[in-house]
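Novice: Residue numbers (the numbering used here), protein chains in the order written: chain L, 1 to 654; chain G, 1 to 256.
To be clear, the hints were calculated from the coordinates, so they are not data collected in a lab.
Among the clues, some could well be false.
[Said to hold, decoys possible] Residues from chain G that keep clear of chain L, each with C-beta distances beyond 12 angstroms, as calculated:
#, residue
1, V29
2, V41
3, Q179
[As the list claims (entries may be wrong)] Over 10 angstroms on every C-beta distance to chain G, these chain L residues come out as not near it, computed from the model:
#, residue
4, V14
5, T76
6, R123
7, K145
8, Q398
9, L409
10, E460
11, L547
12, V557
13, L562
14, L597
[Stated by the list, open to error] Below are the EDC-like pairs computed for lysine to aspartate or glutamate, each with C-alpha atoms no more than 20 angstroms apart in a straight line:
#, chain 1, residue 1, chain 2, residue 2
15, L, K389, G, E114
16, L, K645, G, E114
17, G, K183, L, D117
18, L, K376, L, E98
19, G, K137, L, D411
20, G, K137, L, D414
21, L, K581, L, D610
22, L, K372, G, D82
23, L, K89, L, D117
24, L, K58, L, E374
25, G, K137, L, D407
26, L, K355, L, E574
27, G, K117, L, E394
28, L, K508, L, E479
29, G, K183, L, D599
30, G, K137, L, E346
31, L, K376, L, E574
32, G, K137, L, D561
All figures in this text were calculated on a predicted structure; none of them were measured in a lab.
Virtual Cβ for every residue (Gly too), placed ideally from N, Cα, C.
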Amino acid sequence: MLDFFTIFSKGGLVLWCFQGVRGPAATAPVNALIRSVLLQERGGNNSFTHEALTLKYKLDNQFELVFVVGFQKILTLTYVDKLIDDVHKEFRDKYRNEFQQKGALGLLNGTFDFKDDFMRLLREAEESSKVRAPTVMKTFEQSLKSQKTVKCMIETRGEKPKEKVKNKKNKGSKKDGTEGVAAPSKASAGDKQLSAAGDKEELTKDEILQKNREEFFRRHMKAGEKSRSPKPDAQKEKGKKPRVWDLGNSNAKVLDYSNSATNGSAEACPVEEFDPDMALGDKNREPGRLYDLEYESDDEAEEEKVVQNPSKPSVKKGGLGGMFGMLKGLVGSKSLTREDMDPVLEKMKDHLIAKNVAAEIAVQLCESVAKKLEGKVMGTFTTVTSTVKQALQEALVQILQPQRRVDVLRDVMDAQRHRRPYVVTFCGVNGVGKSTNLAKAGQDPGSQDRGDGISFWLIENGFSVLIAACDTFRAGAVEQLRTHTRRLNALHPPESHGGRTMVQLYEKGYGKDAAGIAMEAISYARNQGFDVVLVDTAGRMQDNAPLMTALAKLIAVNAPDLVLFVGEALVGNEAVDQLVKFNKALADHSMAQTPRLIDGIVLTKFDTIDDKVGAAISMTYITSKPIVFVGTGQTYCDLRSLNAKAVVAALMKA
Amino acid sequence: MAGGLEPHLEALRRELGGPAVLSVLIALVAVAITFLIWRFVQGRRSSRKAVLLLGLCDAGKTLLFARLLSGRYRDTQTSITDSSAVYRVSRDKSTNVTLIDLPGHESLRLQFLERFKAAARAIVFVVDSVAFQREVKDVAEFLYQVLVDSTVLRNAPALLIACNKQDVTMAKSAKLIQQQLEKELNTLRVTRSAAPTSLDGSATGGPAQLGKKGKDFDFSQLPMKVEFVECSARGSKGEEGEADLEGLEKWLVKVA
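Only chain L is shown next, with the shape it has when bound in the complex (with noise of 0.2 angstroms):
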């Protein structure tokens, strides 16, 4: 059933492979894998969708080995999990030695000869999920029911109401005694189950009332159970006259059930006995049934479970234990344990959210560094404190490391060549910044905003310019970009650059279809040899869906060379919707079978946060997509570059 399972070594060394049912070769799968799941730190759950195929992994630390099992997307194999440790354990300790040598010569030289074990392990954990023989019903003879009496299945009143409600699993019963019950445990039961299937965070204050009454019910059934039984008899008494049927006159004696069962001797059938079995068994069973102590009992109980489960030997608790594992960790063949990384990586979680890291990307990249430490060994004299840190910080710069080349330069020399112009678009919501970096030109000492924009840049490596005014919406943005573009051309006259303009401004006032003029300029451009076209957007909320629509089909018309998303740097949790919405509306609205998403992020207002610099980390994290430019717009040189490790070492400082 499995398509292929790989063992290879991180060095990128393929161990071991099994090609299962005619399944195709597993180099690309894994490759996509490994640069989509562990290389970008998303390596939190561990499976993996890549086209028709599912992929399990799991990572070993010590050795540096990782394990890919690969089967077809629609099939949901059970037992998938087990055997990938099952698999783990028995490689590991059966080539132990290749392993521990130094280097990879070991892994190089070794044959590494599992088949036999592996085709062992896969038939065990097929079989242990097969689904066992529907079993036979009991023929009536066979079971209990038969045993009995009549008499003992009468059930009296006063006694066993609660067994009876439960066994008749809350069907209406019509006794008054019973009912207050019923009613608060079947809709507290209800509850419980909604509860459970729905969002278990969410634990409105309804519930928390519901929950609490039925506590509060429970607590006074169990005391005043017996008392309560009486009463509502005695009143049924007074009010109540015999009725009279016309079957079964029977004398009064045998209707009387307020005779409570105090006989419950000799005769005390095998239904007493049974009963609290089975109505233990059934509160178990229940779902939403979840009183106080059991709770506790059932978390203790699962706690004891994993605790038992991995084989890895358990930091030994207790006094000579402590210290010896103390001194192990000294000297250094003490490995990881998730309990060990658990309370520093809290730290370090909240450490980034400080820092104004998106607070769902914080816990994803928590995750990823500790499945990435699990059993790992650690070096002589290091802590786990600093071995979590070194970990988080080589991620966060992994993280910030472009994906893909940034030279827009050399893109534009490139389009130069072609005769073609080079189309930059810029969008965003409203208020961050992209007109002003677009457009924002020099030194002017007597103008509140200084320092140099984009366009400012690109005429100072003697490009030229056409900046397209696509903002029809916002009142003054066509005037904004005028006084720019003038005062562009008074800093670089057309006489010092050969006698053409370098920048030029193409609107068509306000009001009109903004991908009407962006098209319209980048014909201009083209016809009067501009090199750089700068179109630049009216500003919109990412949940506006009229204009993320107008959004897309101007950049899936005029099919940019770069879109930039202009974000502000004191962003924080937001940064993370409107990338996905951004995102998600380009691709929407895109007919090519490969849509234009977002292919750089501009991060501006960067002289704001001192050193709370978590947005670059989330804008990047969620689209994997570089940083282009960073606007400061308080020292003189305002366009700068992203410098991964400076903002990593902002990020770590305490």
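Starting from the known structure of chain L, arrange chain G on it as the hints suggest.
Specialist: Chain G in isolation, oriented as in the chain L frame:
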């Protein structure tokens, strides 16, 4: 006063003249000298004994690594970490070099380069000759980053550009690759130095100018020896046959 000192000096001389103390002194001095020499020699020996295998993703570095060390063909995946092993350069010489295979993925390559560049005695830059036409900009950019690195410029390790995958018919020749790289690096010099400076003031291009100003870039202008060699890690006879690594091995012998 001289008289006052003299008896003291005499006493000292008598004490120091004692054979036990003298021998102890000599022993101490000998130990100190040995220690210093040992430190010096080890420092010389352990620094710069590594040959780094760099290159883009899928250039064939890991397979090259496996072939050089074991001679056999191995399946490979994208590397996530480095692998290192001691490589015996040739049968008669007893010199060993440590071959280090670094991952080529964009997010990892600079990190690992930082870690190992100080120990590099030589660098093998592996280029995929088949996909070169498509990837020339990325190849040039990585090569540029390696070349302007301050540690690399200072140590000037020997550089070999191995044009891999020559077993495929569409592979470009070493000469063509050299020309294209020179042209591309020429352009990169200009664009990189004009790129916006980074936040804390350290420029991305570095103050180092690659080659001579004014003239077109040429590999001979670099402070280190650069050679181009064609090789094929897979080998022309497929997976079972030998790899075609003669040029590479000869160069390694020269460098070690």
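Novice: In ascending order, which of the hints set out earlier in this document are inconsistent with the structure?
Specialist: 4, 8, 9, 10, 17, 21, 29, 30 and 31
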